[in-house]
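Colleague: Sequence:
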Amino acid sequence: MDRKVAGGNELLNPERILKEVGIGYGNVVGDLGCGGMGYFTLQAGKLVGDKGQVYAVDVVKTVLPSIETRAKLEGLNNIKTIWSNLEVLGATRIKESSLDFTLVINVLFQSKKQREILEEAIRLLRKNGKLVVVDWSTSRAPLGPAIKDRVPLEKIEAMAQSLNLKKEKTFEAGPYHYGFVFVKQ
Numbered sequence: 001m002d003r004k005v006a007g008g009n010e011l012l013n014p015e016r017i018l019k020e021v022g023i024g025y026g027n028v029v030g031d032l033g034c035g036g037m038g039y040f041t042l043q044a045g046k047l048v049g050d051k052g053q054v055y056a057v058d059v060v061k062t063v064l065p066s067i068e069t070r071a072k073l074e075g076l077n078n079i080k081t082i083w084s085n086l087e088v089l090g091a092t093r094i095k096e097s098s099l100d101f102t103l104v105i106n107v108l109f110q111s112k113k114q115r116e117i118l119e120e121a122i123r124l125l126r127k128n129g130k131l132v133v134v135d136w137s138t139s140r141a142p143l144g145p146a147i148k149d150r151v152p153l154e155k156i157e158a159m160a161q162s163l164n165l166k167k168e169k170t171f172e173a174g175p176y177h178y179g180f181v182f183v184k185q
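If you number the sequence shown the way UniProt numbering does, the last residue is 185 and the count never jumps.
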């Protein structure tokens, strides 16, 4: 029996999500935990244009060359890849307080150091910059990580509040995902 599982752009729509959160021409964006395909990195590169910059950051070194290749194939010269461990505050080689947006998409469920990842994302944001968090809903779904590994949205809200972030909005990121936009004060 041939089974198909939604993935990539079918599961989350990067263009819709990035437009919804307000990413546009000239923005500087960090895609923290960009993953092997760089779906959000590449879409952000298109939206920010030649006056913007996108940093694709991941702990897995081997995924970064494929993102560089895909960016070149799509004519995107505004994407820079960076290897870093997001769980270590200060490890990401991006200037502090320099980003308009940090994206933490499908990352938190993979780590026990969720607060540290958020602290690193905040460190990179300029004042009034926006942290976008998208992760798996804790409701039952036919796919995705085990329910016990998912991060309840209430936990994200509590961490964000304790880190002095202001919630701008909550949104439905996909059929199995929630999304937040937080603003750095």
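By construction, these hints were calculated from the structure, which means they are not laboratory data.
Treat each hint with caution, since some may be false.
Here are the simulated DSS-like pairs of lysine-lysine, each with C-alpha atoms no more than 25 Å apart in a straight line [to be verified]:
{"id": "1", "residue 1": "K61", "residue 2": "K112"}
{"id": "2", "residue 1": "K113", "residue 2": "K169"}
{"id": "3", "residue 1": "K113", "residue 2": "K127"}
{"id": "4", "residue 1": "K61", "residue 2": "K19"}
{"id": "5", "residue 1": "K169", "residue 2": "K127"}
{"id": "6", "residue 1": "K148", "residue 2": "K112"}
{"id": "7", "residue 1": "K61", "residue 2": "K46"}
{"id": "8", "residue 1": "K155", "residue 2": "K127"}
{"id": "9", "residue 1": "K46", "residue 2": "K155"}
{"id": "10", "residue 1": "K72", "residue 2": "K46"}
{"id": "11", "residue 1": "K148", "residue 2": "K113"}
{"id": "12", "residue 1": "K127", "residue 2": "K51"}
{"id": "13", "residue 1": "K127", "residue 2": "K148"}
{"id": "14", "residue 1": "K155", "residue 2": "K169"}
{"id": "15", "residue 1": "K166", "residue 2": "K155"}
{"id": "16", "residue 1": "K19", "residue 2": "K46"}
{"id": "17", "residue 1": "K167", "residue 2": "K155"}
{"id": "18", "residue 1": "K19", "residue 2": "K72"}
{"id": "19", "residue 1": "K46", "residue 2": "K95"}
{"id": "20", "residue 1": "K95", "residue 2": "K61"}
{"id": "21", "residue 1": "K169", "residue 2": "K19"}
{"id": "22", "residue 1": "K127", "residue 2": "K80"}
{"id": "23", "residue 1": "K112", "residue 2": "K155"}
{"id": "24", "residue 1": "K166", "residue 2": "K112"}
{"id": "25", "residue 1": "K51", "residue 2": "K80"}
{"id": "26", "residue 1": "K95", "residue 2": "K113"}
{"id": "27", "residue 1": "K113", "residue 2": "K51"}
{"id": "28", "residue 1": "K166", "residue 2": "K95"}
{"id": "29", "residue 1": "K167", "residue 2": "K127"}
{"id": "30", "residue 1": "K61", "residue 2": "K72"}
{"id": "31", "residue 1": "K113", "residue 2": "K166"}
{"id": "32", "residue 1": "K61", "residue 2": "K80"}
{"id": "33", "residue 1": "K148", "residue 2": "K95"}
{"id": "34", "residue 1": "K61", "residue 2": "K113"}
Colleague: Does each hint hold? Answer for all of them.
Modeller: These are the hints, each one checked on the structure:
1. A threshold of 25 Å between alpha carbons decides the hint, and for K61 with K112 the separation of about 20 Å falls inside it, so the pair holds.
2. For a cut-off of 25 Å, the pair hint linking K113 to K169 stands: about 24 Å separates their Cα positions.
3. For a cut-off of 25 Å, the pair hint linking K113 to K127 stands: about 24 Å separates their Cα positions.
4. Restraint check for K61 and K19: not satisfied, since their Cα atoms lie roughly 28 Å apart, outside the 25 Å limit.
5. With a C-alpha separation of about 17 Å, the suggested pair K169 and K127 falls inside the 25 Å cut-off, and the hint holds.
6. A threshold of 25 Å between alpha carbons decides the hint, and for K148 with K112 the separation of about 12 Å falls inside it, so the pair holds.
7. Distance check on the hinted pair: K61 and K46 sit about 23 Å apart at the alpha-carbon level, within 25 Å; holds.
8. With a C-alpha separation of about 23 Å, the suggested pair K155 and K127 falls inside the 25 Å cut-off, and the hint holds.
9. At most 25 Å may separate the alpha-carbon atoms for a hinted pair to count; K46 and K155 exceed this at roughly 32 Å.
10. Annotation: proposed proximity of K72 to K46 holds, straight-line Cα distance about 12 Å (limit 25 Å).
11. Pair hint K148 plus K113 holds up; C-alpha atoms about 15 Å apart against a cutoff of 25 Å.
12. Pair hint K127 plus K51 holds up; C-alpha atoms about 20 Å apart against a cutoff of 25 Å.
13. Using a Cα cut-off of 25 Å, the hinted pair K127 and K148 is violated, with the two alpha carbons roughly 34 Å apart.
14. At roughly 15 Å between alpha-carbon atoms, K155 and K169 fall within 25 Å of each other, so this suggested pair holds.
15. Our distance criterion of 25 Å between C-alpha atoms is met by K166 and K155, whose separation comes to about 15 Å.
16. In summary, the hint linking K19 to K46 is supported, as the alpha carbons are separated by about 11 Å, within the 25 Å threshold.
17. Between the alpha carbons of K167 and K155 the distance comes to roughly 13 Å, so the proposed pair stays at or under 25 Å and holds.
18. As the CA atoms of K19 and K72 are separated by approximately 23 Å, the hinted pair is consistent with the 25 Å bound.
19. For a cut-off of 25 Å, the pair hint linking K46 to K95 stands: about 22 Å separates their Cα positions.
20. For the suggested pair K95 and K61, the alpha carbons sit about 20 Å apart, so the restraint of at most 25 Å is met.
21. With a C-alpha separation of about 14 Å, the suggested pairing of K169 with K19 holds against the 25 Å cut-off.
22. Distance restraint check for K127 and K80: the Cα-Cα separation of roughly 22 Å lies within the 25 Å cut-off, and the hinted pair is therefore satisfied.
23. Restraint check for K112 and K155: the C-alpha separation of about 13 Å stays at or below 25 Å, so the hint holds.
24. For a cut-off of 25 Å, the pair hint linking K166 to K112 stands: about 23 Å separates their Cα positions.
25. For the hint pairing K51 with K80, the CA-to-CA distance comes to about 14 Å; that is within 25 Å, so the pair holds.
26. Between K95 and K113, the direct Cα distance comes to roughly 22 Å. Compliance with the 25 Å bound is thereby established for this hinted pair.
27. Among the hinted pairs, K113 with K51 is inconsistent with the structure: their alpha-carbon atoms are about 34 Å apart, more than 25 Å.
28. Distance restraint check for K166 and K95: the Cα-Cα separation of roughly 22 Å lies within the 25 Å cut-off, and the hinted pair is therefore satisfied.
29. Distance restraint check for K167 and K127: the Cα-Cα separation of roughly 14 Å lies within the 25 Å cut-off, and the hinted pair is therefore satisfied.
30. At roughly 18 Å between alpha-carbon atoms, K61 and K72 fall within 25 Å of each other, so this suggested pair holds.
31. Only pairs whose Cα atoms come within 25 Å are accepted, and K113 paired with K166 is accepted, the gap being roughly 21 Å.
32. Taking the CA atoms of K61 and K80, the gap is near 13 Å; set against the 25 Å cutoff, the hint holds.
33. For the proposed pair K148 and K95, the alpha carbon gap of about 35 Å is over 25 Å, so the pair is violated.
34. Only pairs whose Cα atoms come within 25 Å are accepted, and K61 paired with K113 is accepted, the gap being roughly 20 Å.
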